[in-house]
Amino acid sequence: MNGPTPQASGGARHILVAGLGNVFLHDDGFGPEVVRRLQRRPLPPGVRVFDFGTGGLHLAYELMRGYDALVLVDASRQGGAPGTLYVIEPDPEDFAEGIEDGDALDPHAMDPLSVLRFVKSIAGWPGPVRIVACEPGDVDAVELGLSRAIDEAVGHAVDAVEATVRKLRAGPASARPPGVEDAPGSAGAGASAQRAGG
Numbered sequence: 001m002n003g004p005t006p007q008a009s010g011g012a013r014h015i016l017v018a019g020l021g022n023v024f025l026h027d028d029g030f031g032p033e034v035v036r037r038l039q040r041r042p043l044p045p046g047v048r049v050f051d052f053g054t055g056g057l058h059l060a061y062e063l064m065r066g067y068d069a070l071v072l073v074d075a076s077r078q079g080g081a082p083g084t085l086y087v088i089e090p091d092p093e094d095f096a097e098g099i100e101d102g103d104a105l106d107p108h109a110m111d112p113l114s115v116l117r118f119v120k121s122i123a124g125w126p127g128p129v130r131i132v133a134c135e136p137g138d139v140d141a142v143e144l145g146l147s148r149a150i151d152e153a154v155g156h157a158v159d160a161v162e163a164t165v166r167k168l169r170a171g172p173a174s175a176r177p178p179g180v181e182d183a184p185g186s187a188g189a190g191a192s193a194q195r196a197g198g
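For the sequence shown, the positions run 1 to 198 when this note's numbering is used.
Honestly, I wouldn't trust all of these hints.
[As the list claims (entries may be wrong)] Restraint-style ranges between C-beta atoms, simulated for each label pair:
hint : residue 1 : residue 2 : range
1    : Val142    : Ala170    : 35 to 45 Å
2    : Arg77     : Val142    : 15 to 25 Å
3    : Arg65     : Asp91     : 32 to 42 Å
4    : Pro45     : Glu143    : 18 to 28 Å
5    : Arg65     : Pro92     : 16 to 26 Å
6    : Asp91     : Met64     : 15 to 25 Å
These are calculated hints, taken from the structure and not from any lab test. Positions of the beta carbon are idealized from the N, C-alpha and C atoms, including for glycine.
Required output: the full structure, derived from the provided sequences and hints.
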């Protein structure tokens with residue numbers, strides 16, 4: 001797998017869109033499904049889309065190839081109804097502790113928080129980071145396919161990712177997609193949310 005290719009057009013940014021999740025655990029397959037649909041659509045220059053599944057360590061090493069920004073796509077419990085979408089802007093200060101020497105790392109079970117801590121520890125903060133997340137229903141049942149509410153949210157999540165990428169490429173302004181309302185505090189600092197179909 002090669003790193004991002006420099007683009008001739010001015011202002012283009014190297015952006016990684018990374019899906020996370022286990023397709024065998026029902027709604028945890030949200031991230032991979034969003035990525036699968038994104039891969040069928042035309043992408044701007046410098047934007048790469050990958051499904052990393054549960055391989056968080058592979059994502060961490062991919063980020064070291066020199067991307068300017070990262071968009072994570074994952075199922076995440078934030079307290080809303082199943083199918084609620086969130087666009088979260090993490091605060092780099094939330095990851096100030098990094099990964100300490102001797103910390104145990106499971107390459108098959110690194111959540112977004114662990115990935116960002118690891119990357120910051122070994123390669124510095126990867127630039128602007130956005131997390132497009134969906135409130136899951138069931139992530140414990142061993143079952144292929146998404147529940148109805150989550151499946152209906154996937155198309156809206158694809159639109160949210162594309163809008164986020166456009167704004168990241170445009171410059172340092174907020175990458176919050178238009179029409180997404182402020183989330184309740186449970187969604188985290190810098191977060192926004194919308195219900196599928198809203």
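Hint check:
1. Val142 to Ala170: 35 to 45 Å: At 42 Å between Cβs, range holds.
2. Arg77 to Val142: 15 to 25 Å: holds (19 Å)
3. Arg65 to Asp91: 32 to 42 Å: violated (24 Å)
4. Pro45 to Glu143: 18 to 28 Å: For glutamate 143 against proline 45, whose Cβ atoms are near 38 Å apart, the range 18 to 28 Å is violated.
5. Arg65 to Pro92: 16 to 26 Å: Since arginine 65 and proline 92 have Cβ atoms about 20 Å apart, the given range 16 to 26 Å holds.
6. Asp91 to Met64: 15 to 25 Å: holds (22 Å)
In the structure shown, a violation is registered for the earlier hints numbered 3, 4, in ascending order.
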